[in-house]
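Participant: Sequence:
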Amino acid sequence: MNDLITYILAFNTNDSFIIDRKIQQHTYLEDDVEIHHTEERATFSNGAVMLKTTEFDETLGILDDSVCPECWINYEIITQPQGEVIAPKKKIFTSRCQESFWLKLQKTRTKLN
Numbered sequence: 001m002n003d004l005i006t007y008i009l010a011f012n013t014n015d016s017f018i019i020d021r022k023i024q025q026h027t028y029l030e031d032d033v034e035i036h037h038t039e040e041r042a043t044f045s046n047g048a049v050m051l052k053t054t055e056f057d058e059t060l061g062i063l064d065d066s067v068c069p070e071c072w073i074n075y076e077i078i079t080q081p082q083g084e085v086i087a088p089k090k091k092i093f094t095s096r097c098q099e100s101f102w103l104k105l106q107k108t109r110t111k112l113n
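Numbering-wise (my numbering), the sequence shown opens with residue 1 and increments by one.
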């Protein structure tokens, strides 16, 4: 497994390939806006470690479903498995809609291969 998408898909489906998962959440104020920050770290059975960071402000919860508000979602391989190189090491999204669309595309592409 040397493709980042394989790890992202496993990460988002709670795959049995994940042997440990830790989540840290905190909220803070920035210019009178409440910011929600989550860090989720998953360790895979081959030794790879992925960090998913999500950050959004309070407007995410008050907008209707027809709007896809900005948020920041980062997936990053922070520890490579021994003898393997996962590429790319990082994928960044600026909204949940963008992430969702990309994941659907990748799932379709993975099934075709």
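Derived from the structure by calculation, the hints contain no laboratory data.
Treat the hints loosely; a few may be bogus.
Simulated restraints on C-beta separations [to be verified]:
id, residue 1, residue 2, range
1, Gln-82, Arg-41, 15 to 21 Å
2, Leu-9, Leu-29, 33 to 39 Å
3, Val-85, Asp-57, 33 to 39 Å
4, His-26, Val-49, 16 to 22 Å
5, Ser-16, His-36, 27 to 33 Å
6, Ile-35, Arg-109, 29 to 35 Å
When the alpha-carbon atoms are kept at most 27 Å apart in a straight line, the in silico DSS-like pairs for lysine-lysine are as follows [as the list claims (entries may be wrong)]:
id, residue 1, residue 2
7, Lys-104, Lys-91
8, Lys-22, Lys-104
9, Lys-22, Lys-52
10, Lys-52, Lys-90
11, Lys-52, Lys-104
12, Lys-89, Lys-22
13, Lys-90, Lys-104
14, Lys-52, Lys-91
15, Lys-91, Lys-107
16, Lys-22, Lys-90
17, Lys-89, Lys-107
18, Lys-107, Lys-52
19, Lys-104, Lys-89
20, Lys-107, Lys-22
21, Lys-91, Lys-22
22, Lys-90, Lys-107
23, Lys-52, Lys-89
Here a beta-carbon is modelled for each residue, glycine too, at the ideal position from N, C-alpha and C.
Participant: What hint numbers does the structure not satisfy?
Facilitator: Violated: none.
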